[in-house]
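Note that our numbering numbers the sequence shown so that position 649 is 649, with each residue one more than the last.
Among the hints, a few may not be true.
[To be verified] Across the chosen pairs, the derived CB separations fall in these ranges: (1) D262 / P425: 22 to 28 Å; (2) P104 / T726: 54 to 60 Å; (3) D469 / A887: 55 to 61 Å.
Since the hints were derived computationally from the structure, they do not count as laboratory data. The C-beta atom is built at its ideal place from N, Cα and C for all residues, glycine as well.
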Amino acid sequence: MRRHSSSRWYWIIIITLLVSCGNNGSSGLPTIPAGENPTDTVANGTPTSNGDAVTISYAAYDYERDTYINLAKQFSETHPNINVVITSLDDATQLPPDKSGNYPTDSVMNMLRRVASAADTAPSSWVTEEAIGTPLVLDMKPYMDADTGFDRSDFYPGILERYTQNDSIYILPRNISIQSLAYNQDLFAAESVANPVQSWSYADLLATAEKLAKKENNTITRYGWYDNGGNFALLYFLEQAGVDLLAMKISELKANDTRIIDAYKKYADLINRGVIYAQPMYAMADGMGAGKVDASTMPIDNPSDPAQLIREGKIAIWNEGALFTGDPTSPTPPFTVGHAVLPFTKASDLNLGSEGYMISGGTKHPAEAWTFIEWLSRQSVTTFSGLVYPGYLNARKSLNATQTASEFDDKQRQSDYEYTLANLPPLANYPNQDFTVAYSILGSTSMLFETPPKTAEEILASTVQSLVDNYVNSPYVTPSPTPDIRPIMVATPEAQVAGPDQTTISFASYGSSLTDMRRLLKNFKTQEPGIFVKLIQTDNITTTMTISDAAQRSDCFLWNQGIPVAEQDIAALADLQPLLDADSDITTSDIGQGLFDIYRNNGRLIGFPHNYSTRGLVYQPALLSAVGITAPTAEWTPDDFLKSAKALTANGVFGYSSMGNYTGDVAFWANRFGGSLVLGTGKNARANYTDPNTIKAIAWWLELSSMHNVMPKPVFDYRRDTTNSTSDTSWELQSQGKIAMWFDTSLGSYDPANVSNDPTMTKPVFLAAMAPPPVGTIGLLSSDLYMLGYHVSADAADPQACMRVINYMSQQANINAYGNIPARTAQAQDALFEEQNRYILPLRDALAPLMEKPLNVTTDSNSQYMVEQYWLIEALDTVLNKKADLAGALTKAQTATNTYMECVANINPNAPAGNGDTSASCAKKADPTYMGYMTDEANPVSR
1 MRRHSSSRWY WIIIITLLVS CGNNGSSGLP TIPAGENPTD TVANGTPTSN GDAVTISYAA
61 YDYERDTYIN LAKQFSETHP NINVVITSLD DATQLPPDKS GNYPTDSVMN MLRRVASAAD
121 TAPSSWVTEE AIGTPLVLDM KPYMDADTGF DRSDFYPGIL ERYTQNDSIY ILPRNISIQS
181 LAYNQDLFAA ESVANPVQSW SYADLLATAE KLAKKENNTI TRYGWYDNGG NFALLYFLEQ
241 AGVDLLAMKI SELKANDTRI IDAYKKYADL INRGVIYAQP MYAMADGMGA GKVDASTMPI
301 DNPSDPAQLI REGKIAIWNE GALFTGDPTS PTPPFTVGHA VLPFTKASDL NLGSEGYMIS
361 GGTKHPAEAW TFIEWLSRQS VTTFSGLVYP GYLNARKSLN ATQTASEFDD KQRQSDYEYT
421 LANLPPLANY PNQDFTVAYS ILGSTSMLFE TPPKTAEEIL ASTVQSLVDN YVNSPYVTPS
481 PTPDIRPIMV ATPEAQVAGP DQTTISFASY GSSLTDMRRL LKNFKTQEPG IFVKLIQTDN
541 ITTTMTISDA AQRSDCFLWN QGIPVAEQDI AALADLQPLL DADSDITTSD IGQGLFDIYR
601 NNGRLIGFPH NYSTRGLVYQ PALLSAVGIT APTAEWTPDD FLKSAKALTA NGVFGYSSMG
661 NYTGDVAFWA NRFGGSLVLG TGKNARANYT DPNTIKAIAW WLELSSMHNV MPKPVFDYRR
721 DTTNSTSDTS WELQSQGKIA MWFDTSLGSY DPANVSNDPT MTKPVFLAAM APPPVGTIGL
781 LSSDLYMLGY HVSADAADPQ ACMRVINYMS QQANINAYGN IPARTAQAQD ALFEEQNRYI
841 LPLRDALAPL MEKPLNVTTD SNSQYMVEQY WLIEALDTVL NKKADLAGAL TKAQTATNTY
901 MECVANINPN APAGNGDTSA SCAKKADPTY MGYMTDEANP VSR
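Taking the hints into account, I'd like the entire structure generated from these sequences.
Below is the structure:
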C-alpha cells in the first residue's frame, strides 16, 4: 500500500506540472510573443493568484535582495500578469545550528533540493551533473524553442552549447569568467621576442617565458611568467602525462603515481630557473633537491609582491588579473601592456568560471518562470560597485557592449575573449561539477615553499592523506551517497507586507544574520499575529554607523556596538520605562540591576539589556591556597591585588600576567584608579592619558614588572621596522603552571569541566578557577562591560509593538551569543545555552552577583578600541625600557593620538583613492616618525 500511495502521489505531481505548462487550457507549450503591452502591477506584495496574474519567486542572497527587488519591479512594469516575489537564498542554503551551536554541512544535492523547493527560480550554483534529468530542475530547452523573442545569437559562441546535454538545457548562463594573459610588450620588443598569437600552445608559452627569464650571478632578476590563480603549468604537465585530473576521484588518486610526482618536479624546475614566478615565494627556505624549490636563486629585494615586480619590468607575462585593484586611480605600468589568450588544455573547464539561472522542477508556472529569467539574463545585474574584474563577462554580448569598463574598449582583449569562448575544447564536465581532487593537487604546490620545502613525493603523499582524512566522508563531494530526487513542489512564498489587520514595525539586528532572525521570529508570528515585523538588512553597511543612524533606519533594533553615550544618540532613542509600565506581560525581575543601570540616563531608560561580557580573574586555587589566600573577590582593591601577587611570586612563579593584552589590562586598572584611557565615543573618542588618575594607574601597572617583579616583563611589538630580541614568556610560563592570576573570559584548557566531561583526556598541569574582576571600591563601570542591547527609535511608529518584539527577542538566548552571557537569568541558565557555551559558564557564575549591584555609567567599553593605540604602546615601551619620564611620554602619546583621531574623523570613505587622507596619511601627520602597520607604501619595510 505504501509503495502504491507513493507512486500515485508521484503521478499526481507530474500531471499537475504538465497541466501548468499549458496556455489558456491548452496542453501544448506556449508561444511567448517577442513584445507585450504591459500595465502596472505590484512587485513583492502579498503573493496572489487573483485574476489572470500568477506569482512566482526568485531566491536571492540577502545582500542582493534590494537589487533583485528593484529588478522585479522593473519586470512587473512590462509583464503585468506575473508577480515576482524575492525570497531568501540564505534561508534555503543555511541549515539551522545544531546543539553545539555549529552550522552543519550538507550535500550539494540536498542544497539544490531545498533551493528548488523554496523558489521557482534561483541562481544555478547547485545544478551539477548529478541533478541533470531529475525532477529537481526543469529542462528549459522547450521554453527556449517556444520563445520567439529569445535571441540565441546574443550569447557568445559556445556558451549555450556548453550547458546543453542530451538536447536539454538546465542552466541559462548569466555571466562567465575567462582566464587570459597580459604581457610587457616593450620587453618582448627589446628581447626580439614575437608577440603571442591566439593559437599558441602551452609549449609555446613556456618556451617564450624561458626566453624572457633572466639570471645574473645565479640570481633570478627577471621572471618569465607569473602563473597566479591556477597553477596552469602544472595542469599542462599532468595532461601531457595522461592524468585526467578533472575526472579523477579521491579513490583513484595514489600516493606513488609517478606521473604526478614527475609533474611536480618539472614545475619546481621551472620555478628554480625563473621561467615561472609562483607565490608564496617569501616563505621559501634554503636548500635544493629533486622536486624542491631553491631559495638561493631568488632575488633579495622582497619578491613577495608580484604586482610591484610586474610594474618594475621584472615579470614578462602574467595572468591578467594580477594588476587588478578595483580602483580606477591605480597607477598604470610604465610600459605598453599586451593581451594574449591563455592556451587550452583538455582541462580548460577550470579556466572558465560561469554562473546562471535555473528553474525549479517543482514550479507550478514554468512558462512564467522562463519569461522572468530570460528577461533577467538581459539585465545588467550589479550588486557591487567599482571596476569589473578582467575576464568577467556577461554571457550576452549586448550587455557587454553597454558597459563602461575599459576592457571592452580594448579590441585585442575583446578578440581574445571571443577566440577563447569559440575554441574551448568540448565540455568534459558539467558546470558546478566537483573538482576536489584537481583543486587539491593544484593547490598543493604551496608545500614547495615550506620550511624546509617538501619533495614531490612528500607533496603527493601529504595531499592524498589530506583528501582521505577530510573529504572521503564529506557531504560536499559528489556524487551524493543517497541523493533525494523525489519530485518537489515549490512552496508558496510568505507575505512580504503586512495584512490589513496587522501593525508593521521595522526591526534590525546588528551582528545577526537575517536567516537566523527569520527563524526566531516564526514563533513570534504565532504569539503576536497582529504585529508584522519587517526585518532590515544589516550586513550591507559600508560606513561607520552610530546609534542615531540606526534609529533612523528602523523602529527598533538590537545594537552590538556598545551603549549610547553621545548626546545625539541619546536624543534619538525613546524612553522604554513607560512602555514597560504599560505592559504587565513584560517582566524584568530576572535581569540584574547593574545591566539596567547602564541604560539609565537622566531618569529615562534608553535601552533594554540583551547580553553582556567582560573578563573575569582566572587563578590557580592550589597556588593561592598554598600561601593562605582565599579566592579573589570583586571587592579587592589594587592594593589587595598587589599584596596577593607579591605573596604568590616565588620559585619561578609570577603572581600575575597580562598575557600579552597590555592595553586591555591597563584600561581595566585605569578604571580602578578613577581614570580612563578614553573619553567620548565613536568619532568623538579621544585619548585621556594625561589625566592624573590615568597616569597613576599606568605607573602602578608598569611597576608590577619593573619594581615588584610580580609580572613577566612586557614585550611590545608595535613597530614594523623592529624585531624584538626577546618575547613575552607568559604563555610558556602559563603552560608550566607558573602564572598565578590573569584576566580572561574562560578557563581554557585548565577548566576542570573538561576533565570531568572527558575522562580520557590528558589532565593539564593545573586546574584553574574563575573569580569576578577585582573592581574594588570604584565598583563595576559601564566601560568594563561589553553590552548588547535593544533600543526603540524616538520616531518609532508603534513603540509599544516594538517593546513586544524586544521582550520576545530577549528570551532567545542564542541571538548574538558569541561568548556573551544572556541578561535574563532564565536564558543564561537555559540547557541549550549551557550546552553550546560550556566554556563561559564559570564566568557567568562569577559575574552573576556583581550584576545585581548598582553600576556607574562612564563611557562605552568599545571606545578604547576606537582609538589608535600605537602611541600609548610606544609610551609604555619607552618608559619601561628607556626610562623615559612617564608624564612626558603620555603627553606626547595623547597629543599624537588625538591629532590622528581628529584627522581620521574627517576622512571621506567615498573619496577616490589618492584624494584626501587615509588612516596611514593621518598617522604620518600625527607623527612623522610613525612606523606602525598602517601604511600606503607599495613595499613597506617589514621585519
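We went through each hint and held it up to the structure:
Taking 22 to 28 Å as the suggested C-beta distance range, the pair D262 and P425 conforms, at roughly 24 Å. Here the CB-CB span from P104 to T726 is close to 45 Å, at odds with the stated 54 to 60 Å. For D469 paired with A887, a C-beta distance near 58 Å keeps the hint of 55 to 61 Å intact.
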